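Participant: Residue strings, one per chain:
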Amino acid sequence: MTLFGYRLPGMSSLILWGILWEIVGQSGMTFFVPPLSEVVATLFQVIQTAAFQKALYETAYAFIAGVFFAIVIGIPVGILMGKNRLLDELLLPWVNVFLSAPLTALVPVLMVLFGFGMKAIIITTTLFAIWIIILNSRAGVKQINRSLVEMAHSFGASPFDAFYKIYFWAALPEILGGVRIGIIRAVKGVIIGQLLISIVGFGALFELYSANFLMGHFWAVLIVLFALAFTISEFLAYLERRVSYYAAKR
Amino acid sequence: MASSLWKSSMMKRANLLKILSALILFGAWEIAGRIPVSLAFPTFLESMSALFAMAFDGTLWAAYGETLQPLVVGVAISAVLGIAIGLWVGLSDFFDWLFSPIFIVMQAAPLAALIPLLVLAYGIGLTSKVLVVCIMAMPVIVLNTAGAVRNTPESMKEMGKAFLASDLSVILKIVIPAASPVIFAGLRLGISAGFIGAILAELKITPTGVGDIITYSRSIADYPSMYAAIFSIILLAVLFLNLLEKTEAVLFKGNQRGYVSD
Amino acid sequence: MVVADDIPESAVSTRNISKNYGDVEALRDLSLEFPRGQLTSLLGPSGCGKTTLLKIIAGLLEPTSGEVEVNGQMVTGPGPDRAFVFQDFALLPWASVMRNVSFGLEMRGVAKSEREDIAARYIKEVGLGGFENAYPHELSGGMRQRVGLARALSVDAEVLLMDEPFSAVDEQTRRKFQEDLLGLVQNENKTFIFVTHSIEEAVYVSDQIAILLPRPSRVHEIIRPSGFRDKGVDNIRRDPEYLDIVDEIWASLRTYVE
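Chains as they are written, first to last, in our numbering: chain A, 21 to 270; chain B, 166 to 427; chain C, 62 to 319.
If you are wondering where the hints come from, they were derived from the structure by calculation, not from laboratory data. Be careful, since some hints might not be right.
Said to hold, decoys possible - Below, simulated DSSO-like cross-link-like pairs (lysine-lysine); rule was C-alpha separation at most 27 Å, straight line: (1) K173(C) x K251(C); (2) K74(A) x K185(A); (3) K177(B) x K103(A); (4) K173(C) x K338(B).
To be verified - Between beta-carbon pairs, the in silico distance windows are: (5) M49(A) x G288(B): 10 to 20 Å; (6) G137(A) x K411(B): 38 to 48 Å; (7) S32(A) x V202(B): 38 to 48 Å; (8) E309(C) x W189(A): 18 to 28 Å; (9) S173(B) x V92(A): 36 to 46 Å; (10) N116(A) x N316(B): 35 to 45 Å; (11) T251(A) x L291(B): 32 to 42 Å; (12) S32(A) x N250(C): 51 to 61 Å; (13) S214(B) x S32(A): 58 to 68 Å; (14) V92(A) x I385(B): 33 to 43 Å; (15) I385(B) x T251(A): 20 to 30 Å; (16) A414(B) x M49(A): 46 to 56 Å.
Predicted, not measured: the structure shown is a model, and the values here were computed from it. All residues carry an ideal CB built from backbone N, CA and C; glycine is no exception.
Okay, chain A solo, but in the shape it has when bound (with noise of 0.2 Å):
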């Protein structure tokens, strides 16, 4: 978009919004939208109050277990699907089915199994996460060049080198792109299992907000929590350009 001549930058549309969100707020139109600027207010004091930080602690808490739990294994078990052709087919139609399947409705049974507390709330971050992580590792690994791995085996690398010192590294562009998505995912996740299992983090918080009528809290929670969460994903971007040279150059 380019105006007068001078080129727009690529997010600075959200500033019209922001004017936008101001005119609707101030002028009453709806109580569930107050004024911007009263929101942001807001926002200041509640990232100061105890309960905000608790609710941010516990969901940084169970979005990175979840994350590290999603990464540990499905890496691994997507390396592995990569190599070995039985292990792929008998595995490859449940990942593919669990990634395109509505996880919520597997919350309640993971609240039934570890209780209505963090373990369940990790669990379901994880499970949001894990799908694209193994299904892009083995992508990832399956595009290796044949050269490569007989590179390997004629300098006589053990296995276990080869796992570590040629499949990981080569098929690392795609990795990182199934880690992006899976991570993109596990926000979402952590705030799903949050909002079924209303007890924690920022579940609680929205509780307690609408029960009292706080739109400007409201607001302002989730203004926080795009705002992560939009930083998170495009620092994931930023990362993955940065290898993606290497990947071209293959």
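Following the hints, position chains B and C against chain A.
Facilitator: Just chains B and C, lined up with the frame of chain A:
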């Protein structure tokens, strides 16, 4: 001849392995249920018999009648509106600048957090549930459509102009057909997200349909029915998305190998 | 080389064409005449603006200044008097050969049965009879370009614009194409404008070769081979005049090749 034989034996192997892998998973489920790993973990056979019981006494079908309402309405709105906005954003620099950031943020953000607000504003009825499905399904449809439209090969559009196609013809006969495989892929992702939204709405807002079976059977500790309902919704989603994929393959036969530019 | 009065009148003329991309001067003050019923090649090193010039003639690009005339008419955009053959074929992957070839006629509002009759004729003429219902991905590169050629021929435009049409096909197919092109120039009463980066190809197929030099692009020389055209396709590449012209062009271009 030999190669077709080889091919058919490979097909057999693939199908056999699919059955084997299903047997392993369901077998593991059965064994875990028999140990039992948890009191809340019924066996596979118990769950399946609960599923058949619900299918025979009609509760399952009545539940799906309710669950599918917000899902179908929400997905239909998201598809029509999402593709329309996507085309618009993809074709016009101004709308790209104006709308893209909103959908990019929506795509990255955990929109489920909006649910309590939607309930406050629109109550606990169908409207809220439809809106939940829409906010989950729409961003990916819009972004995929816009991206696909923007990436129409320049030479194909030039070809249209060189052969005197009007701007409208270029859009209808070149841009949209060229973009349709990616639009369809976006639709598939959107529907998958719509399923997540529909179940989330039924579990979070008010228990209706399949969400009601899950919530109710959990509250009376009828775990086989609960697992059966969850099993059925996952099965439905997967079957539906597979069907969509098959449709896609038939619809875009010529496009299967991608663009002709190599 | 021949004297000027042998040259037929121009079907296409470009006058003082300049084209700038921002600060970059792609073409400067370029004037060229394209004789009717003949094939003119635009030849030059990469980046010399030959494709830009072709697209300006097609009406796909607008010149910064200067004008193009086709049959005395000013060019303001694409028109029915010109048809284009694309380097990357620009076929619609979802459409059959038949639909691809009849695309131009469809855009001109020709009724379906009529345009399919015409398209079928040209599909046969380019040697693709039997492939009417095939999809582009089922065809080889050479066959795809034949589809592109049939599409351009079927709209019966007087001027055929070809943008490195054979650069994406293999060497043997290219030779066959070049021979076929000579037949086409002779039988169809059309004016061909042909962009290429191959010196041998330009000398082999052209009645007139315009050599363009880059940065900014200008016409360096116009060569009109004449002696070997009617000696038969098999003898051209051994003809002394052919070999001389190839060497001469290479001598003037070699300093511009990195």
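Participant: For each hint given before, does the structure comply? Return the numbers of the non-compliant ones in rising order.
Facilitator: 2, 7, 8, 10, 15
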